[in-house]
Amino acid sequence: MTSTQPAVPASALDLAPVIPVVVVRDLADAVPLARALVAGGLPAIEVTLRTPVARDAIAAIAEQVPEAVVGAGTVTRPEHAGAAVAAGARFLVSPGWTPALLDAMRTTGVPFLPGVSTTSEVVALLEQGVTDLKFFPAEAAGGTAYLKSLAGPLPQARFCPTGGIALDSAPAYLALPNVACVGGSWMLPEAAVRAGDWDRVEALAREAAALAAR
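Here the sequence shown is numbered in numbering that gives the first Met the number 0, starting from 0 and rising by one per residue.
These are calculated hints, taken from the structure and not from any lab test. The structure presented is a predicted model; accordingly, all values stated were derived computationally and were not measured. Treat the hints with caution; some may be incorrect.
Stated by the list, open to error - Pairwise CB distance ranges (calculated):
1. LEU210 - PRO65: 20 to 28 Å
2. ASP102 - ALA140: 20 to 28 Å
3. ALA174 - GLU62: 31 to 39 Å
4. ALA165 - PRO5: 24 to 32 Å
5. PRO176 - PRO136: 16 to 24 Å
6. ALA212 - ASP25: 32 to 40 Å
7. LEU175 - ALA202: 22 to 30 Å
8. LEU125 - GLU189: 31 to 39 Å
9. ALA139 - PRO65: 31 to 39 Å
Don't be surprised by glycine CBs; every beta carbon is placed ideally from N, CA and C.
Given these sequences and hints, build the entire structure.
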């Protein structure tokens with residue numbers, strides 16, 4: 000870590016109230032996209048491992064955008080964890096979890112968020128000493144009503160809901176006592192990214208970052 004890079008908190012949930020979920024299809028987009036998000040006030044950036052250039056995108060952002068805290072999302076195999084961190088990822092996010100995947104993410108030493116969508120999955124992770132979780136797919140799995148119902152019996156569990164969340168629905172999630180942040184891609188409309196309209200991305204990022212002040 001260089002002196003210009005922001006420190007990473009012990010929990011990935013404490014990175015920022017809004018974490019952009021980024022799918023990089025063209026490697027040339029990675030750095031300008033990250034710069035636009037950082038300029039708009041969203042320094043924590045989750046690059047999903049859904050494309051062949053994802054790891055190279057993480058490496059490029061880590062090297063060229065030191066103000067960003069870049070992480071890897073869609074970590075679905077144990078080998079993804081170490082490879083992503085080797086590329087420069089400073090946190091990990093998975094849509095679900097298995098014992099092997101959980102062990103691999105733990106071994107990296109960086110903050111991680113295993114994904115859950117049921118009460119039983121939450122309880123199983125609490126048994127493993129993991130309290131910070133991704134709730135996915137948030138809207139399809141029950142949304143704010145589901146998370147609110149978990150707060151009573153499982154108050155120690157904290158969540159980053161992701162999946163179907165938009166600017167107008169994010170505040171309701173952030174208002175819940177067991178939600179520390181939300182993830183989404185609404186600030187990255189495909190048309191703007193395809194056109195390289197980074198001013199548009201920065202403006203939408205700024206709008207999303209303002210949610211923290213509400």
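Status of the hints after comparison with the structure:
| no. | hint | in the structure |
| --- | --- | --- |
| 1 | LEU210 - PRO65: 20 to 28 Å | 25 Å, holds |
| 2 | ASP102 - ALA140: 20 to 28 Å | 25 Å, holds |
| 3 | ALA174 - GLU62: 31 to 39 Å | 37 Å, holds |
| 4 | ALA165 - PRO5: 24 to 32 Å | 27 Å, holds |
| 5 | PRO176 - PRO136: 16 to 24 Å | 22 Å, holds |
| 6 | ALA212 - ASP25: 32 to 40 Å | 33 Å, holds |
| 7 | LEU175 - ALA202: 22 to 30 Å | 27 Å, holds |
| 8 | LEU125 - GLU189: 31 to 39 Å | 37 Å, holds |
| 9 | ALA139 - PRO65: 31 to 39 Å | 36 Å, holds |
Checked against the numbered hints listed earlier, the structure breaks none of them; every hint is satisfied.
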